[in-house]
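Enquirer: Line by line, the protein sequences are chains A and B. All residue numbers for the first sequence refer to the numbering used here, where the first residue is 1 and numbers rise by one. All residue numbers for the second sequence refer to the numbering used here, where the first residue is 1001 and numbers rise by one.
Since the hints were derived computationally from the structure, they do not count as laboratory data. Any given hint might turn out to be false.
Said to hold, decoys possible - List time: in silico EDC-like cross-link candidates among lysine to aspartate or glutamate, alpha-carbon distance up to 20 Å:
1) A:LYS158 <-> B:GLU1132
2) A:LYS106 <-> B:GLU1003
3) A:LYS184 <-> A:GLU127
Said to hold, decoys possible - Some chain B residues well away from chain A (every beta-carbon gap over 12 Å; in silico):
4) PHE1013
5) ALA1100
6) LEU1269
Unchecked claim - Rough simulated footprint, nothing fancy, chain A against chain B, three-plus residues with beta-carbon under 8 Å:
7) 1152 to 1159
8) 1162 to 1169
9) 1217 to 1231
For every residue, glycine included, the Cβ atom is placed at its ideal position computed from N, Cα and C.
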Amino acid sequence: MSQEKPVVEIDHVDFAYDGSLALEDINLTIREGDFLGVIGPNGSGKTTLLRLILGLFHPLRGGVRVFGQPPGHARDLIGYVPQHAHMDEAFPISVMDVVLIGRLGKAPMLGRYRKSDRQAAEEAMQEAQVFDLRNRRFGALSGGQKQRVLMARALVGKPKLLLLDEPTASIDGRVEQDIYELLKTLNQEATIVLVSHDLGFISTYVNRVACVNRRLVCNPTDHITGDVIEACYSGPVHMIKHKCEL
Amino acid sequence: MIEFFDVLKNQAFMQNAVIIGLLASVACGVMGTYVVVRRLVFISGGISHTVLGGMGIAYYYGGNPIHGAVVTALVAAIVIGFVSLRYHEYEDTIIGALWAVGMAVGILFIYKTPGYNVDLMSYLFGNILMVERQNVYLLIYLDALIILLVVLFYKRFLAVCFDEEYTELQGIGVVSTYLLLLCLIALTVVILIQVVGIILVIALLTLPAATARYYTHTLGQMMILASILGALFTTSGLVVSYEPNLPAGATIIVIAGLAYLLTTILKGLAMRFSGRRH
């Protein structure tokens, strides 16, 4: 596995919000074909880590390289699935138009989308199994459907690296499993980084787990032990016990 | 009612008024939709009140107050837009300051203008029956410019309003797109001021779009329906206000407000009876 090309290299990175350190001395190499789960308690810096990879945030210290380039230069190769809970439910926009936003960078600056843009959007919707919903209003969909639509939007650009932020938050177990199955298929083509606030199903799908709580500890899935998680959460004991049972 | 149509047939001022009402309806339907879905009501209120400063200065120096309004509205839009994107925590403070200072400057200049100060009330509450023909042409150009730019930038505006972060990830200039959107809202404000005046602009910018939202699922549909509703409100406002000699601007707003209230109540009842959320 370690012979594969590095996709993301994070080297001694510190990041601070308004002077307080959110991430400290992060070292992480994500390789081609990885399915990395990033776990950690709320507010531990998981989303910040994704934003550093996307180049939306810049490290205070240290370096981030994505496909060997500075982050932000490789956005064409990255698909990003943000948390849908932050989106405006009442916004009048169709599923098709949400997915087309994923082609905005490639579409002509003025006027309508090209036919090729629409075709790419339709293919991505078929891949994420939301093609039948294309004329529905995005805000009226269920949580699981919204998640798939946002995945379709990320897939439109045919990404080599897929970043997902809490894709299964507020989704029931069966739908959650469906989404992981879809990700497993996508993993054949793309490297995947998935952020989650708890282990849940994730341990059966990912091949590595990174525990973030300001600092980062990374392990292959089968090496996850109570001690590793305890070190990560450094939190209440009942939480750790619960994790160990999984 | 018959008297109104008699006047409409024979008098240029009433023909101007109806034309301006229709021009304003298109602008308020299209841009009001963005104001409602992106929640830019307070920003739009800030722009419209700041405009009095520019109108007052133009009036004092003997210029056309609409020209002063266009310049001030654009400057206010860029300042407020920049602050709201870069220093979000100061957004309401800056809007509040511009809002009040703009009005104060306007009142000072109008007060100091020699002669009979009849225009202040028509700036504040509009006087659609007194708009001159040359200004009608100016409003036609502004309307055409707004529609042209919305057609050209439709997909970018939609993306920026719905998901700013993802739009930025697509390599699109979010700041410039957002500022352009606010400038078009500023031009719309200038058009609407001719109809209902500075203080009532915000109602015409939001009520038709907010009513249209109940019946539409996409931005484009919402714009079309809001424009049609705007045309109904302004025209019926003119008809209703003419015979009893009521102020047209205020009548238009009351009609728009009643329509919104009624729609909201009907929608609420419909939801209760169908027993589920749509």
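Enquirer: Of all the hints numbered above, which does this structure not satisfy? Sort the numbers upward.
Expert: Checked against the structure, the hints that fail are numbers 1 and 2, while the rest are satisfied.
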